Amino acid sequence: MARGRDYGAIMTDSAPTAGGTIGASPAETCKPWHRHDLTAADWAATARDAAAQSRVLLAHWADASRVYALFLDIDANAAVPISTAVEGGAYPALSPLLPAAALYERMIADLFGYRADGAIDPRPWLDHGTWPGAFPMAPRASPPRPDFDRFDPGEQDRHMVLSIGPVAGLIEEAAHLRLTLDGPAILGAEAVLGFTHKGTLGLMRGKSPRNAARFAARLSADSTVAHSIAFAAAAEAALDAAAPPRAQRLRVIMLETERIAVHLDNLAEIGRLAAARSVSTLCGRLRETLLRASQSAFGHRLMMDCVVPGGVGADIADGGAGALLRACADIAAGLTEIRRLHDGTALASRLGGLGVASGTVLAASGAGGVAGRAGGRAFDVRPAFMPAFSQMPPAVTIAAAGDAAARQAVRIGEIGESLRLIGGALDALPAGPVALPLPQTSGEAIACAESSRGDIWHWLRIDHGQIAAAFPRDPGWALWPLAESVLKTAMAEDAGMIRTSFALPASGMDL
Amino acid sequence: MSTPPTEPEEAADTEMIASLSARLEAAAQARLGRSLAIRHVNTGSCNGCELELRALSNVFYDLERFGLRFVESPRQADVLLVTGPLTRNLKAALEQAWDATPDPKWVIAVGDCAVDGGVFKGSYAVLGGTGLSVPVDLTISGCPPQPNRILSGLRALLEANAA
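Line by line, the protein sequences are chains A and B. Using my numbering, you'd call the opening residue of the first sequence number 1 and step up by one each time. Using my numbering, you'd call the opening residue of the second sequence number 1001 and step up by one each time.
No lab work stands behind these hints, which were simulated from the structure alone. These numbers were taken from a predicted model, which means no experiment stands behind them. Where hints are given, some of them may not hold.
Partial pick of chain A residues on the chain B-facing surface, computed with a CB cut under 10 Å [to be verified]:
#, residue
1, Asp73
2, Asp75
3, Ala76
4, Asn77
5, Pro136
6, His159
7, Ser163
8, Val167
9, Leu170
10, Asp222
11, Asp510
FRET-style restraints, in silico, Cβ to Cβ [to be verified]:
#, chain 1, residue 1, chain 2, residue 2, range
12, B, Glu1095, A, Asp75, 30 to 38 Å
13, B, Val1071, A, Ala348, 25 to 33 Å
14, B, Ala1160, A, Gly423, 45 to 53 Å
15, A, Gly169, B, Thr1006, 23 to 31 Å
16, A, Gln53, B, Arg1155, 41 to 49 Å
17, A, Gly496, B, Ala1100, 44 to 52 Å
Beta carbons are placed, not taken as given, at the ideal position from N, Cα and C, and that holds for glycine.
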């Protein structure tokens, strides 16, 4: 599918000198880990090792002089950041060994103009040929690129092609899905995103973490708390600060409240698509009850901008804890009925065996969250990587089948566990301040949060209190390629249900 | 066979017909003509406004009781409900949806981003509000606007339409 497209010698003047790092691979501090700055040869060798040891590629990004990659070392329970200098506008591609890197390479090429040598897919991703200039994150302006042919023009003659979006469905995020059909069976599926690209990385740059937090909060509204926590934790780590204990606990409450609300929304949507009216009515009602409780506890239904670097925006309101506990009690009471309805024939027969993601396909995608855990991949960053959960570790819900029914079972299980966590956190809310000012210093850090869709990672480099470079990794980067491969064995009429079952996002990875 | 004893046909009172149809038309306009089909167009939203739009269908707001409903195609729509800052990558999609919507049509910009670009104003990838591309009839601010605000905006349009 990768058709050659040569970007030519772009940006040769932007590549820095190697700085004598060749062979030495010095460790830079990237709190709480060390980032190894590698030569091009060692960078490529690391990718080979990672592929051989089935390390998971969590993220891949760039700044004005380097490209970075973040791996998950499951055995050591550690995240491993590496980087290499961009020389002559190019760097060795990771995608031939790690296909999960392909979308990131296309994003880096579009925003910075760096060529990934040997990449399996050199086509543009975010750049649809409409921006005023190419490579908007590069130090020097370039003329805009023309639009391009995304698809093989001959394909339309050989097969029926079903194009969905970016304006499609009733109320959905803007993404384009192109299905190649043989009768009712899907032969090929390819997603095109980037429609909602808002230039978030450019908007964050040069701002203080406090001011940039509103962009982190608007990457993906149904993960606004998760993105805000990962961003705030990265800023705090970079500046050697810590949010006060009361703020840490309030963040746990918000994160778990968001998880329940998003899962209920997904249960309601799947219920609507499966014509299970009782499920969508019940889950829609419970979700609204919870959003109203969030409004009275934190002043915003979605808790947008409620988490800030240094703590939380405001303390929980008087009566807020009571409102949240009443909503949680309602949901706990409804959960039995939700379980019963999902065990019933209507939903179980519609969702069973649908959109199976498991085994090597799932592992290679690096997808965590509901999609990962429903297919037996027990990865959740809360117990291992989020210190706020160390005193109250969540029980991780896992299923094996990897189908749409398993994903709903995991969602329902997680609602129950989040209810327990909220109750425990409200019970033992430490006294004290809810925010501290951040120092105007410099540093680099990576932090994460477990959103309803999976692990979110934020990398930040702060220079004298201002953001020099940032990258947020939304779960969508792993979910879309996974969904594409799952759709290739599905029927066309199930495409909408499978898309909703994976809760595929757009805005968060469109940046 | 005998003829049934029905009375012979008499011409209806034309004055009565005119008066009845005038009354029916007035009542129907007020009682039945209050329906709007809404096509949602996302021009770059973070999905926050979509979450609140979906909430409009829950039992608390139940927008269908007012004759308001979301439809799948702009060709069936009376109203384009636009969310998100107008990204350069979605400008063409919005304009195609507007062209495909039959007259008379209305455009509602929902949320701070659709009103004027919101926090994304000034980005290379964002043009600004919906109004830069298609004429806007009603704006509903908020980030995101609460469902009751969206609902009262839609009902205002309904009343104006019926009046």
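Holds or violated: is there a CB of chain B closer than 10 Å to the CB of A/Val167?
holds (5 Å)
Take the C-beta atom of A/Gly496 and the C-beta atom of B/Ala1100, compute their distance, and say whether it sits inside 44 to 52 Å.
At 21 Å between Cβs, range violated.
Tell me if the beta carbons of B/Ala1160 and A/Gly423 are separated by a distance inside 45 to 53 Å.
holds (48 Å)
Taking 10 Å as the limit, does the beta-carbon of A/Asp510 come near enough to a beta-carbon in chain B?
holds (8 Å)
Under 10 Å, Cβ to Cβ, is where A/Asp222 needs to be relative to chain B, so tell me if that hint holds or is violated.
holds (6 Å)
Less than 10 Å between beta-carbons is the criterion; does A/Ala76 satisfy it with respect to chain B?
This hint is violated: A/Ala76 lies away from chain B, its Cβ roughly 35 Å from the closest one there, beyond 10 Å.
30 to 38 Å was suggested as the range; check whether the CB atoms of B/Glu1095 and A/Asp75 agree with it.
violated (53 Å)
Hint A/Asp73 vs chain B: min CB-CB distance below 10 Å?
For A/Asp73, the interface hint is violated, since the closest Cβ of chain B sits about 32 Å away, which is over 10 Å.
Does the hinted range 23 to 31 Å hold for A/Gly169 and B/Thr1006 at CB?
Given range 23 to 31 Å: violated, Cβ gap about 57 Å.
Against chain B, run the beta carbon of A/Ser163 and see if the smallest gap drops under 10 Å.
Hint violated; A/Ser163 Cβ to chain B Cβ min 12 Å, cut 10 Å.
Holds or violated: A/Pro136 as interface residue toward chain B, Cβ cutoff 10 Å?
Holds - the Cβ of A/Pro136 comes within 10 Å of chain B, reaching about 5 Å at its closest.
Interface restraint verdict for A/Asp75 against chain B (beta-carbon cut-off 10 Å):
violated (36 Å)
Hint compliance for this structure: hints 1, 2, 3, 4, 6, 7, 12, 15, 16, 17 are broken, all remaining hints hold.
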